[in-house]
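**Q** For chain A, the structure is supplied; the task is to place chain B on it using the hints.
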Amino acid sequence: MKLIQKIILILILLTAFFLRAYKLDSFPAINSDEAAIGYNAYSLLQTGKDEHGASWPLHFKSFGDFKPGAYFYLSLPFIKVLDLNLLTVRLPNLILSVLTILFIYKLVILLTKNNKLALISAAVLTFSPWHLHFSRGAWESSVALSFIVIGIYFFFKSIEKKFLLNFSLFIIFFSASLYTYHSARIIAPLLALSLFIIYFNFIKSKIPQIIFPILIGVILTIPVLFSFLQNGGSARFNGVGFTSDQGPLLRSTELLNQHKSLNIINRTIDNKRVLYSISWLQKYTSHFDLNFLATSGDYVPRSKSPDIGQIHLIDLPFLFLGIIYLLSSTIYHRRSKIFILSFLLIAPLAASLTFQAPSALRALSMVIPISILIALGIFNFLKIIQNNKFKNIFLIILILIYGYSIIYSLDSYFLHYEKRYPTAWQTGFSELAPYLEQQKNQYQQIYVTNKYDQPYILFLFFSKYPPQLIQKEIKLTPPDNFGFSTVLNYDKYHFEKINWEKIPSNSLVITSDEIVPIEPKKIINFPNGQPGFKIYSKL
Amino acid sequence: MAKNTKAFLIIVFIISFILKILRVELNLINLPILILSSLIPIVFFFLIKEIDQKSEKLAFISTILLTLNPYNIYFSDITLKTNFFLFLLLLMMWLVSKYFHIKNNKFLLPILIIIPLIFNLIFIDNNSGLYPQDQHRTQTIINETNSLDYYIFYNPIQLFLRNFTIRYLNYFSPEFLIFGNTFANPRHGTILYPSIIFLILGIFISFSSKKKQKINLIFLIWLLIAPISAALSPELINSNKAFFMSIPLVYFISIGIYFILNKYKNKLVYFSIIFIYLLSLIYYLDMYLNHFIK
Numbered sequence: 042m043k044l045i046q047k048i049i050l051i052l053i054l055l056t057a058f059f060l061r062a063y064k065l066d067s068f069p070a071i072n073s074d075e076a077a078i079g080y081n082a083y084s085l086l087q088t089g090k091d092e093h094g095a096s097w098p099l100h101f102k103s104f105g106d107f108k109p110g111a112y113f114y115l116s117l118p119f120i121k122v123l124d125l126n127l128l129t130v131r132l133p134n135l136i137l138s139v140l141t142i143l144f145i146y147k148l149v150i151l152l153t154k155n156n157k158l159a160l161i162s163a164a165v166l167t168f169s170p171w172h173l174h175f176s177r178g179a180w181e182s183s184v185a186l187s188f189i190v191i192g193i194y195f196f197f198k199s200i201e202k203k204f205l206l207n208f209s210l211f212i213i214f215f216s217a218s219l220y221t222y223h224s225a226r227i228i229a230p231l232l233a234l235s236l237f238i239i240y241f242n243f244i245k246s247k248i249p250q251i252i253f254p255i256l257i258g259v260i261l262t263i264p265v266l267f268s269f270l271q272n273g274g275s276a277r278f279n280g281v282g283f284t285s286d287q288g289p290l291l292r293s294t295e296l297l298n299q300h301k302s303l304n305i306i307n308r309t310i311d312n313k314r315v316l317y318s319i320s321w322l323q324k325y326t327s328h329f330d331l332n333f334l335a336t337s338g339d340y341v342p343r344s345k346s347p348d349i350g351q352i353h354l355i356d357l358p359f360l361f362l363g364i365i366y367l368l369s370s371t372i373y374h375r376r377s378k379i380f381i382l383s384f385l386l387i388a389p390l391a392a393s394l395t396f397q398a399p400s401a402l403r404a405l406s407m408v409i410p411i412s413i414l415i416a417l418g419i420f421n422f423l424k425i426i427q428n429n430k431f432k433n434i435f436l437i438i439l440i441l442i443y444g445y446s447i448i449y450s451l452d453s454y455f456l457h458y459e460k461r462y463p464t465a466w467q468t469g470f471s472e473l474a475p476y477l478e479q480q481k482n483q484y485q486q487i488y489v490t491n492k493y494d495q496p497y498i499l500f501l502f503f504s505k506y507p508p509q510l511i512q513k514e515i516k517l518t519p520p521d522n523f524g525f526s527t528v529l530n531y532d533k534y535h536f537e538k539i540n541w542e543k544i545p546s547n548s549l550v551i552t553s554d555e556i557v558p559i560e561p562k563k564i565i566n567f568p569n570g571q572p573g574f575k576i577y578s579k580l
Numbered sequence: 009m010a011k012n013t014k015a016f017l018i019i020v021f022i023i024s025f026i027l028k029i030l031r032v033e034l035n036l037i038n039l040p041i042l043i044l045s046s047l048i049p050i051v052f053f054f055l056i057k058e059i060d061q062k063s064e065k066l067a068f069i070s071t072i073l074l075t076l077n078p079y080n081i082y083f084s085d086i087t088l089k090t091n092f093f094l095f096l097l098l099l100m101m102w103l104v105s106k107y108f109h110i111k112n113n114k115f116l117l118p119i120l121i122i123i124p125l126i127f128n129l130i131f132i133d134n135n136s137g138l139y140p141q142d143q144h145r146t147q148t149i150i151n152e153t154n155s156l157d158y159y160i161f162y163n164p165i166q167l168f169l170r171n172f173t174i175r176y177l178n179y180f181s182p183e184f185l186i187f188g189n190t191f192a193n194p195r196h197g198t199i200l201y202p203s204i205i206f207l208i209l210g211i212f213i214s215f216s217s218k219k220k221q222k223i224n225l226i227f228l229i230w231l232l233i234a235p236i237s238a239a240l241s242p243e244l245i246n247s248n249k250a251f252f253m254s255i256p257l258v259y260f261i262s263i264g265i266y267f268i269l270n271k272y273k274n275k276l277v278y279f280s281i282i283f284i285y286l287l288s289l290i291y292y293l294d295m296y297l298n299h300f301i302k
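Listed in order, the protein sequences are those of chains A and B.
For the first sequence, our numbering gives the first residue as 42, with consecutive numbering after it.
For the second sequence, our numbering gives the first residue as 9, with consecutive numbering after it.
Next up, chain A with everything else stripped away, as it sits in the complex:
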């Protein structure tokens, strides 16, 4: 690699790090999953058990959703050294997401031997709104993606040299992804299978050597499989799976009722299985909706910035150009081409099996093939204009448009996001929790609104409540329709819908928008100036 290329790569990685690390200790606010990861890791460090008293579990019971454990363990050293805070919980993802960018560079170089294309690919991922969003926060999905990308790199590396070592690393990283995020349990095995099928002849030629790494894979996978099945894995799927959507069932009944008499054709066509299949297809293809990709993004505010898509709008023509160039050029080897397209098609599968689609979070791995294709489109465009006499003008226009798009997306994320969707993250708890801890001794009880998601864990997190105490006190509610439980009270805290009349005297009451007949003692505002929490003293 030339010196200039090394410098460009370092600059890209530094930019990626800066964009992902800037104000990471406070922005975005925090969410209950992050608090759960942080507090459970803290609990492990203090007592060797999680909040529910389980010793070093593979799946953390948390809100009854049995979160895969890898992220919890990754955050342990950071919390041990730098104490429990938002930054230490987010550091593993920060580091691994920058590593993903490095590895996409290394992967493209390995596949194409083209440094320029590899640098463009790394730059596209660096500025990708999709990847940036999920790099900032303790997103298990992003960490699982890092493991998958690193694993893929080692698979291709094993084809070139040191088969045993690199193939073992491929197996280890793919297995690690299974311990990190639920969706990876569908994506990673399918990707591995597609690699085995595409490189069947190569794999076949390595049969004696492959046994050892495969054995490692089996040994690593068995515990996660058992733990998943033991800890309500199927119940979790029933809660969030696409069959939990009653729509196709109701529609099937409606369609069957519209026939005067039913024959075999009607019964077959309007069958609920047919309609569920169509519903699945609808969810799967929604991830390729151009508005989802380029203008509006996800519907879930926690997974999107306002007024932008998962990719930049200007990326869209390059994405198409990239696909055409992928098919028509020899820059990628035939098998690599098939793999990139397979990756693109496999990536939304896990998300399509849930009731909520499109999902930028669950389909995050789409960002890798999409970035590779966009980079290929830009590379091809630069090649097309290379001999044009207006080359410099085209180049300036391209840089200007990309510059505008990138600043627009950063503006949306850093300046508008938290103000537009103040409740998407648990904004205000970082101020509320320390304040209540100060006031706690003056009151017999503290009543907190349950309007915001899983408030108990945020108080445990910010107050660093002794884990040995919560392990004795904790009591989860029965799971809701989506399989989630919560804690209604611990210590002096009670989390419920505030009904002023029923609250006993000498209580501190925290409301959101509930009506209370007295003036609040204190108001904590959201970033957009609207009141988030109103604190009342009931004497």
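No wet-lab data here; the hints were simulated from the structure.
Quick reminder that beta carbons are idealized off the backbone N, C-alpha and C, glycines included.
Mixed in with the good hints, there may be bad ones.
[Unchecked claim] Output of the computed footprint for chain A on chain B, the stretches with three or more beta carbons under 8 Å from beta carbons of chain A:
id : region
1  : 143-152
2  : 225-234
3  : 283-296
[Stated by the list, open to error] Heads up, simulated DSSO-like pairs for lysine-lysine below, C-alpha to C-alpha not over 27 Å straight-line:
id : chain 1 : residue 1 : chain 2 : residue 2
4  : B       : K218      : A       : K154
5  : A       : K432      : B       : K275
6  : B       : K275      : B       : K62
7  : A       : K424      : B       : K218
8  : A       : K378      : B       : K218
9  : A       : K43       : A       : K157
10 : A       : K154      : A       : K203
11 : A       : K203      : A       : K47
12 : A       : K543      : A       : K481
13 : A       : K432      : B       : K218
14 : A       : K562      : A       : K575
15 : A       : K562      : A       : K505
16 : B       : K62       : B       : K218
17 : B       : K218      : A       : K157
18 : A       : K430      : B       : K222
19 : A       : K575      : A       : K533
20 : B       : K271      : A       : K378
21 : A       : K430      : B       : K271
22 : A       : K562      : A       : K579
23 : A       : K424      : B       : K275
24 : B       : K222      : A       : K378
25 : B       : K271      : B       : K222
26 : B       : K273      : A       : K378
27 : A       : K430      : B       : K218
**A** Just chain B now, kept in the frame of chain A:
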């Protein structure tokens, strides 16, 4: 013209006509539009045949698909203006291709690009570009940051382009193309389910090989310009105004099928394609005839 081709075209006309009268009452008022819309696949056949003179296979596939295409079945019986102009557009393109092919003229390509562009203008009306205004949005953005941020990133031009882009891209969404939740026909999209695979295949195959790239380019440009006037309308989806895109859609689907049939020349592939299309067609006709009005 060969006898088989004549017979094929007569059958196409009859099937096309029958599909329309299954839902529309046959009377003197409806008759002209029913005849005209039933003639559209036939003109399309001649156009494709003229464009691809080496083989009639593509023309046969395209014609069958257009006859059975949900978008065309649905719209062929309700709007005279749309069908009349589509008929006229195809007729003009066919005659122009025929004339210039004879003369082997270099102007053929630009003319074939300009014709659909001009026809697209027909649907631009007084409401075009008048997107719903949201004053609250402007104030929200200014409150979140400042006026400078608003003028750089959220100004009226930017907002217009955003509104336009969202509407434009809606016409290429899976919802519009296959599922139909945003389409005027609420039970189905504009094309049959299996067509989505052949459509994607057709578009990418068309431009990854150098063969017939110019002709494919005409249809690609047609596909890209067809939803413009519809995207300018205030509604998020205006299927009527985007109706011209049914032609390039069917063209690229046909290219996809043609590619597969040429690549895998065995009966199993033929029958598989026919079978899945038959199932999909039965599903569509059930939705169209039994559930649509209910």
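**Q** Now look at each hint and say whether the structure bears it out.
**A** We went through each hint and held it up to the structure:
1. 143-152: holds (count 4)
2. 225-234: Coverage by chain A is violated for the region 225-234 of chain B (0 residues, Cβ < 8 Å).
3. 283-296: holds (count 3)
4. B:K218 / A:K154: Holds, because 26 Å separates the two Cα atoms, which is no more than 27 Å.
5. A:K432 / B:K275: The hint is violated at about 51 Å.
6. B:K275 / B:K62: With Cα atoms ~23 Å apart, K275 of chain B and K62 of chain B stay inside 27 Å; holds.
7. A:K424 / B:K218: holds (18 Å)
8. A:K378 / B:K218: Roughly 19 Å separates the two Cα atoms, so the pair holds.
9. A:K43 / A:K157: holds (11 Å)
10. A:K154 / A:K203: holds (19 Å)
11. A:K203 / A:K47: Measuring from Cα to Cα gives roughly 25 Å; hence the hint holds.
12. A:K543 / A:K481: Since the Cα atoms of K543 of chain A and K481 of chain A sit roughly 20 Å apart, the hinted pair holds (cutoff 27 Å).
13. A:K432 / B:K218: Holds - the C-alpha atoms of K218 of chain B and K432 of chain A are around 24 Å apart, at most 27 Å.
14. A:K562 / A:K575: holds (8 Å)
15. A:K562 / A:K505: Holds, because 25 Å separates the two Cα atoms, which is no more than 27 Å.
16. B:K62 / B:K218: At roughly 16 Å apart (the allowed maximum being 27 Å), K218 of chain B and K62 of chain B satisfy the hint.
17. B:K218 / A:K157: holds (26 Å)
18. A:K430 / B:K222: holds (24 Å)
19. A:K575 / A:K533: Roughly 18 Å separates the two Cα atoms, so the pair holds.
20. B:K271 / A:K378: holds (19 Å)
21. A:K430 / B:K271: Roughly 41 Å between the alpha carbons, so the hint for K430 of chain A and K271 of chain B is violated.
22. A:K562 / A:K579: holds (10 Å)
23. A:K424 / B:K275: Outside the cut-off at roughly 43 Å; violated.
24. B:K222 / A:K378: holds (26 Å)
25. B:K271 / B:K222: holds (22 Å)
26. B:K273 / A:K378: holds (24 Å)
27. A:K430 / B:K218: Holds, at about 24 Å.
Checked against the numbered hints above, the structure violates hints 2, 5, 21, 23; every other hint is satisfied.
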